[in-house]
Amino acid sequence: MFRFENFQAVLRDPVMLGEFLTEASKIAEMEKVARERAISIMLRGFKVPGWLLRRKENSYVLPSALEPLMTESLDVVLHAFGSISERRYRELCARCGVVPAPLAIVRAGTTVTLSKANIR
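Quick note: the sequence shown uses the numbering used here, first residue 384, plus one each step.
Everything hinted at is true.
Label-pair ranges, simulated between beta-carbon atoms:
1. 429 with 453: 46 to 56 Å
2. 445 with 403: 45 to 55 Å
3. 413 with 390: 17 to 27 Å
4. 484 with 431: 47 to 57 Å
5. 423 with 493: 38 to 48 Å
6. 434 with 494: 29 to 39 Å
7. 407 with 428: 31 to 41 Å
If you're looking for bench data, these hints aren't it; they were derived computationally from the structure. In this text, a Cβ means the ideal position worked out from N, Cα and C, and glycines have one as well.
Produce the entire structure from the sequences given, and follow the hints as far as they go.
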């Protein structure tokens with residue numbers, strides 16, 4: 384079992400760090416399943432000690448309701464939505480039958496992520 388007082392040592396040692404990340408990813412996967420199970424249990428009236436259910440009302444606006452705004456203030460509406468990903472832009476262009484404008488795609492740098500290596 385991982386002990387938090389050893390965490391600084393884990394961060395300094397690449398081997399221990401790799402082992403920690405492997406175990407942490409397993410826990411992260413199990414946590415999602417455990418949260419879903421806890422919600423199910425609590426919705427049936429049982430308690431899960433230390434946890435509460437919070438309810439959030441979800442609402443949205445139908446796209447057709449934006450039409451009057453688009454005809455009156457297209458620039459304001461576009462700025463309210465902000466930028467979109469290149470993937471979404473290309474999908475939208477394809478759906479509209481328009482060739483993507485190369486200058487519309489802004490390169491904003493690189494995101495670095497960490498992935499588990501498939502060692503055999």
